[in-house]
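Peer 1: Each chain, written out:
4 protein chains.
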Amino acid sequence: MSATVHVFGGAGFAGAQLAALVDAHPYFTLGAITARGDAGRRLVDLYPQYRVTDALVAPDPALARAGDFAAVCYPHAAASELVAQLVDAGVRVVDVSADHRLRDAALYPEWYGFTHARPELLGEAVYGLPEAYRDRIRDARLVANPGCYPTAALLALLPLAGRLADVVIDAKSGVSGAGKTPTDAVHFSSVTENVTPYKVLSHRHEPEIAQELGVDVTFTPHLVPADRGELASCYARLTDAPATQDDLFALYRAHYDGHPFVEIVERPPGMRAVQHTNYAQICPLLDARRGRVIAFGAIDNIVKGASGQALQNLNLMAGRPETEGLA
Amino acid sequence: MSATVHVFGGAGFAGAQLAALVDAHPYFTLGAITARGDAGRRLVDLYPQYRVTDALVAPDPALARAGDFAAVCYPHAAASELVAQLVDAGVRVVDVSADHRLRDAALYPEWYGFTHARPELLGEAVYGLPEAYRDRIRDARLVANPGCYPTAALLALLPLAGRLADVVIDAKSGVSGAGKTPTDAVHFSSVTENVTPYKVLSHRHEPEIAQELGVDVTFTPHLVPADRGELASCYARLTDAPATQDDLFALYRAHYDGHPFVEIVERPPGMRAVQHTNYAQICPLLDARRGRVIAFGAIDNIVKGASGQALQNLNLMAGRPETEGLA
Amino acid sequence: MSATVHVFGGAGFAGAQLAALVDAHPYFTLGAITARGDAGRRLVDLYPQYRVTDALVAPDPALARAGDFAAVCYPHAAASELVAQLVDAGVRVVDVSADHRLRDAALYPEWYGFTHARPELLGEAVYGLPEAYRDRIRDARLVANPGCYPTAALLALLPLAGRLADVVIDAKSGVSGAGKTPTDAVHFSSVTENVTPYKVLSHRHEPEIAQELGVDVTFTPHLVPADRGELASCYARLTDAPATQDDLFALYRAHYDGHPFVEIVERPPGMRAVQHTNYAQICPLLDARRGRVIAFGAIDNIVKGASGQALQNLNLMAGRPETEGLA
Amino acid sequence: MSATVHVFGGAGFAGAQLAALVDAHPYFTLGAITARGDAGRRLVDLYPQYRVTDALVAPDPALARAGDFAAVCYPHAAASELVAQLVDAGVRVVDVSADHRLRDAALYPEWYGFTHARPELLGEAVYGLPEAYRDRIRDARLVANPGCYPTAALLALLPLAGRLADVVIDAKSGVSGAGKTPTDAVHFSSVTENVTPYKVLSHRHEPEIAQELGVDVTFTPHLVPADRGELASCYARLTDAPATQDDLFALYRAHYDGHPFVEIVERPPGMRAVQHTNYAQICPLLDARRGRVIAFGAIDNIVKGASGQALQNLNLMAGRPETEGLA
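Chains as they are written, first to last, in the numbering used here: chain A, 986 to 1312; chain B, 986 to 1312; chain C, 986 to 1312; chain D, 986 to 1312.
Okay, chain A solo, but in the shape it has when bound:
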């Protein structure tokens, strides 16, 4: 018994790792891995560490058939059309791009610079954070895989949703989050021994976080000299704060009870504790003196922030154990 998963956009960091995860999965069968520029090359030639010898093929929606699964790892704006074609053809899709994350179609022109061609799919798409939408993901035709920063920030703050105010999210990401395309900004000589804030007040993950938290946020991403990993340091005031640190821990533990990839830790996590895993480590601390909560969320931006979460969603969609192929 098996089901086929196709990876559209398999030459990028997230797509390649997802292909490797699917290839090693006990239930899923790896179908096509597509890539535009690198079609014809083997995945192992681009990513020797994954040891996947399948050749990349040119993208074509017809590679996937009704009943198959597909993950679309395209840049934003580029995914929308393919996703629609696949969904229309009866393929169940996890869209790893940003093209179906925002429910309000009006946000796409404002934040992403394009008008969404199929806004009804925005209504149908389920936001693919299993810790928030697990049941709806199981039956979804289309899952919008969250951004990496939103994954870290939301897991850190969702237990407090509804009573948050004055939210500041100061996030630090490894360079892989910027993608595989070489630019001045990701040149080793630009990054090493450096920490740089970027896209301050203009990063596209801001409306996604705000949508899911239901509150406006100040979101400041920083590039740090690491490959993998992301840490969101979140600051907020609460309208109804837990009385003690223990109460705060208890609230978080209860909230994430039964969610296998969330680890509530009592000391602020470093990125290393979750690198190359699908785990999120979350540490909420009570700043009683100033009436604040500081909640830290650490993930691997390419795994829990992209490919691993996509597989977690695929597991749910296929009725498989949520952790299969991810432990």
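Note that these hints are calculated values from the structure, not bench results.
Mixed in with the good hints there might be a few duds.
For identical chains, the list gives no copy identity; a pair is met inside one copy or between any two copies.
[What the hints assert, rightly or not] Think about it this way: if two alpha-carbon atoms lie no more than 25 Å apart in a straight line, the pair counts; the simulated DMTMM-like pairs of lysine to aspartate or glutamate are:
#  : residue 1 : residue 2
1  : K1184     : E1309
2  : K1165     : E1251
3  : K1165     : D1225
4  : K1184     : D1030
5  : K1184     : D1023
6  : K1184     : D1231
7  : K1165     : D1008
8  : K1165     : D1272
9  : K1165     : E1066
10 : K1184     : D1169
11 : K1184     : E1095
12 : K1184     : D1232
13 : K1184     : D1120
14 : K1165     : D1045
15 : K1184     : E1248
16 : K1165     : D1039
17 : K1184     : D1201
18 : K1165     : E1109
19 : K1184     : D1242
20 : K1184     : D1272
21 : K1165     : D1231
Owing to the predicted nature of the structure, the values given are computational and were not obtained by experimental measurement.
Add chains B, C and D to chain A, keeping to what the hints say.
Peer 2: Frame of chain A; chains B, C and D shown alone:
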């Protein structure tokens, strides 16, 4: 014409670099460099990059004579006694330790775990941030050199002092800030590919920042995989905010007019832009939508955050140009 | 069906990872994990990334019973006594230390500074490089797990053994090879942006490499700013060289046919291709113009260079598939 | 009194730093800084750390006048024409490219893929290693600034020239050596936690090293996860070896007596000791057991390996102290 500067505690990162800066200074003469454990070794054997061949000697206050200058680069609690002896002997002192930074003696037992033996010196000591206390530093017998985090955070926020509220300071520091002593936390294998919050809600630089800003702050330091450099990302609400981003830049430029080591920049600075220099790059951004200011401050934690600032203070105390030996 | 593996010295980098590998192994059961200083703490508190919640216990040979397996991950000189006790008690041992790697007892005083108390065990111990001694390892009571540098260098050169001359091995290692103890040399600020030759002409892995190659070698290790990984760049003249590059590749492929962890690659490997795996990537290149072979060997120093290779040996000793728990 | 130095190709790593060095030089005046793609931008916008506010201008040989100096920091093949135009116009030139380093014009088609248009300039050009050709550089119209690897390797081996055999040079370079253009190979995610041999047996610095040593060499460069710095680990047999290690040190000290930028050190140097300086640290070790010398040479690849050495040459050409603006 010359004056002698002795460096007490010259084997640590800050003391060693200060010795090197003094050694290359056109006016100052390098006197004794002291070290407990490493006495007898040459500084060049510990720090080949500084090419200072003087031997380290055992510490003794009598090495410095009335009229000399001394910089005391000891751990906190250890500096207080020596500083008092030197001041009493007519030596003008820059205390690079934390032992004279807090004006309220009651804060020492609370934050540093010791009772200050000479509280009257806390009243006399001038807080050695030249951008705030330049005139008082010139005549001081005792200058309390600021901590590295306070330097970055204060330079970022002082132009707004008096109208700040809800201050959050999320700071990132290179590992050299943790000092030269090898520990698990500074092992390369602990630090590389990692970002770790530490001493959250308990870091000793918090009361120092609060003292100078005149307002309570939430301060969260993070260790990043870099040697040198520090970035403070500061978030605050203003009781009386500038109307526009241009007004905000203008306010900062006016505030730091005539201060040679502060650079107001229009894009958030990376740490690399100031590494191995005494410059601070400051970038204030208006988050108009949420009524906040985000102010970034980047420094080299060992130069502007310690040794370079000490030399800047020594220049002022000796009536020399503020930038001498630092450009 | 199962067998128990005890890890003596489980607080170090190799021991901890071995404990984690055994813990996740489908056949082996993890017995005691011992540690002197850290007894009582859980392994997860020292190494959050491994998620092994077992508590460390004080070392005691009686923890292991006849028929059990034990891996001894002690510093050299410290392992010898415990290994002998275990072997005498009928425990089958993989000694991850250097104490049974050299067959000539006279080399221990010369290179390691101690006289071996049980030289007859040197004769019995099988050198635990499965690619060279697989059959003898299956039945061994005592396996001497190779050093990390010898693993990389031997895998690169063994196919040419018997016709090698003028061997130079220029090796580069990540910092984890220096072990967990914090020292000046492994301080992040010493390592970052640095490459340093160390123990030139005096590194203890030299006689081990020479023993297995049957020829004298010049061996120069370098510390590089990475956590994991090792690259041996090996230069040699051949008394009977293959005529062409293709012949050289064919010779290597034939030599390692049936060895699942050796990958012969046609482009010189980077360390990243094998990090966190038990694979070795080997690339032999013919320098026809100068009558040399340049053979590169890349491994993860803690996995194939220590813990993974130990598990590979345990698999063989227990009659399990060589790759079990390592793929 | 002053002389003007123009920097052609000032947007690259070497050109930009050279412009900054010239800008801060007590004698030289910085003339034009040219750049094709970045003309119109200020140098400080590309390299904030240099704080040079001059605008880059489009390249034009007429920017330099007879009697001026020019440094040409172009890619190989691209420099030749401009260098000839400048020399013809009476401008004294340091060619930082490779276009005038090889005296044998036949090597250009073979190694660089182009036919040299002005082979007579190859005869006239002085190889700009001041430690070898100081006197000829003083009067040269055209100086060919050495490659970074040749600088490190030659300084390590030149004291033994004439009696070298079996030379192997295993070199490690920081990423800045690959230049400013973003590529997959210099992406932070490719470089961090990695060491990679590259251009094995085909790197263009090989014939340059062989030319100056007068002996064939096996040269293997490796990319290491650092920005700046280069270490050449050189292995050779000697036809007439010094009897003792002390003799070897004495030979090197005598050879470099009076050369201010060469430091003979008794322990193998790390790259950090010379980073951001024009110094070379050289350590020759006698491998008496195997009749070899191992000579280490460490430099900053962009300073002593390019821009600093160019300024050292300009100082000599202008009759200035060799160390001016470089100490």
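Peer 1: Now tell me, hint by hint, if it's right for this structure.
Peer 2: Each hint, compared with the structure:
Taking the shortest Cα distances, K1184 and E1309 never come within 25 Å of each other, neither inside one copy (36 Å) nor across copies (37 Å). In this assembly of identical chains, the alpha carbons of K1165 and E1251 lie at most 25 Å apart only when taken from different copies (24 Å versus 35 Å within one copy). When the C-alpha separation of K1165 and D1225 is checked against a cutoff of 25 Å, the pair qualifies neither within a copy, at 43 Å, nor between copies, at 44 Å. In the homo-oligomer, the alpha carbons of K1184 and D1030 lie at most 25 Å apart only across protomers (17 Å), although the nearest pairing inside one protomer, at 33 Å, exceeds that limit.
In the homo-oligomer, the alpha carbons of K1184 and D1023 lie at most 25 Å apart only across protomers (23 Å), although the nearest pairing inside one protomer, at 30 Å, exceeds that limit. Within a single copy, K1184 and D1231 get their C-alpha atoms only as close as 36 Å, which misses the 25 Å cut-off; across copies the closest is 18 Å, which meets it. Proximity of K1165 to D1008 under the C-alpha cut-off of 25 Å is restricted to the intra-copy arrangement: shortest distance 21 Å within a copy versus 35 Å between copies. In this assembly of identical chains, K1165 and D1272 lie within 25 Å of each other by CA distance neither inside one copy nor across copies; the values are 39 Å within and 31 Å between.
For a Cα distance limit of 25 Å, the shortest separation of K1165 from E1066 inside one copy, 22 Å, qualifies, whereas the shortest one across copies, 36 Å, does not. Taking the shortest alpha-carbon separations for K1184 and D1169, both the intra-copy value of 15 Å and the inter-copy value of 23 Å come in at or below 25 Å. For the identical chains of this complex, K1184 and E1095 are intra-copy neighbours only, at 15 Å inside a copy versus 40 Å across copies, given an alpha-carbon limit of 25 Å. Taking the closest pair of Cα atoms, K1184 and D1232 come within 25 Å of each other only across two copies (21 Å); inside a single copy the shortest separation is 36 Å, beyond that limit.
Taking CA atoms no more than 25 Å apart as the test, K1184 paired with D1120 passes in neither setting, with 34 Å inside one copy and 39 Å between copies. For the homomeric pair K1165 and D1045, the shortest alpha-carbon distance inside one copy (22 Å) is at most 25 Å, but the shortest distance between copies (36 Å) is not. Taking CA atoms no more than 25 Å apart as the test, K1184 paired with E1248 passes between copies only; the shortest distance there is 21 Å, against 30 Å inside one copy. Taking CA atoms no more than 25 Å apart as the test, K1165 paired with D1039 passes inside one copy only; the shortest distance there is 20 Å, against 33 Å between copies.
Taking the shortest Cα distances, K1184 and D1201 sit within 25 Å of each other inside one copy (17 Å), while across copies they are farther apart (28 Å). In this assembly of identical chains, the alpha carbons of K1165 and E1109 never lie at most 25 Å apart, being 30 Å within a copy and 46 Å across copies at closest. Within a single copy, K1184 and D1242 get their C-alpha atoms no closer than 35 Å, and across copies no closer than 28 Å, so neither meets the 25 Å cut-off. In this assembly of identical chains, the alpha carbons of K1184 and D1272 lie at most 25 Å apart only when taken from different copies (13 Å versus 28 Å within one copy).
Taking the shortest alpha-carbon separations for K1165 and D1231, neither the intra-copy value of 42 Å nor the inter-copy value of 33 Å comes in at or below 25 Å.
Checked against the numbered hints above, the structure breaks hints 1, 3, 8, 13, 18, 19 and 21 and satisfies the rest.
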